[in-house]
Amino acid sequence: DTEVTQTPKHLVMGMTNKKSLKCEQHMGHRAMYWYKQKAKKPPELMFVYSYEKLSINESVPSRFSPECPNSSLLNLHLHALQPEDSALYLCASSQTTAKGETQYFGPGTRLLVL
Amino acid sequence: GEDVEQSLFLSVREGDSSVINCTYTDSSSTYLYWYKQEPGAGLQLLTYIFSNMDMKQDQRLTVLLNKKDKHLSLRIADTQTGDSAIYFCAEGGSGGYNKLIFGAGTRLAVHP
Numbered sequence: 001d002t003e004v005t006q007t008p009k010h011l012v013m014g015m016t017n018k019k020s021l022k023c024e025q026h027m028g029h030r031a032m033y034w035y036k037q038k039a040k041k042p043p044e045l046m047f048v049y050s051y052e053k054l055s056i057n058e059s060v061p062s063r064f065s066p067e068c069p070n071s072s073l074l075n076l077h078l079h080a081l082q083p084e085d086s087a088l089y090l091c092a093s094s095q096t097t098a099k100g101e102t103q104y105f106g107p108g109t110r111l112l113v114l
Numbered sequence: 001g002e003d004v005e006q007s008l009f010l011s012v013r014e015g016d017s018s019v020i021n022c023t024y025t026d027s028s029s030t031y032l033y034w035y036k037q038e039p040g041a042g043l044q045l046l047t048y049i050f051s052n053m054d055m056k057q058d059q060r061l062t063v064l065l066n067k068k069d070k071h072l073s074l075r076i077a078d079t080q081t082g083d084s085a086i087y088f089c090a091e092g093g094s095g096g097y098n099k100l101i102f103g104a105g106t107r108l109a110v111h112p
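Sequences listed follow chains S and Z, in order. If you count the first sequence from 1, position 60 lands on 60 in this note's numbering, and the numbers rise without skipping. If you count the second sequence from 1, position 96 lands on 96 in this note's numbering, and the numbers rise without skipping.
Source of the hints: derived by calculation from the structure; they are not laboratory data. No false leads were mixed into what you were given.
Computed, partial: chain S to chain Z, Cβ under 8 Å:
id	residue
1	I56
2	L90
3	T102
4	Q103
5	P107
6	G108
For every residue, glycine included, the Cβ atom is placed at its ideal position computed from N, Cα and C.
Looking at chain S on its own, in the form it has when it is part of the complex:
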């Protein structure tokens, strides 16, 4: 089983709202990732968690706040977003963050900020 699940599939929020995206995997992976993908562009890495600790933040604005409550779950808390933050948010996981470990992606949450 190489499944990564994400909820919700779609989300519409206003600029003053607070919402959360959720990601789950049961493959025993200890590395989890958040990516942002704008239309017609490749995914861009946002955050990397290794053994439930944040190891990489790719200079993401503080209105995006990641959280890893346990080894299977990864959240992305959203607050005071801008319309340009509208995108597909992809979660991925891999065994570890060691170089070359294969990353498995979820189906994504399509976010629209009004």
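Use these hints to put chain Z onto chain S, whose structure you have.
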């Protein structure tokens, strides 16, 4: 710096072979990946090749790696309409952590 380049569009007839090409710059990459993305969906891992291999075959998919020229290709035999999607080439394992560097993606259109 790290860079991955792909042609943006490929159109093939159903039943023909498709070849999607990719070039990369980082010779220290450990693995090279092909991901498929259908409209509105996430990324599906299709196949990958370790950097010390030059070919990998998996059913209708053949990956060729020319490490000297830093050129990677994905051949899809007997292309079907269900293969219509965007195909991303990615290099992984360069740098200090498991960061994937993606190409811009090649949109494959399969027509009857």
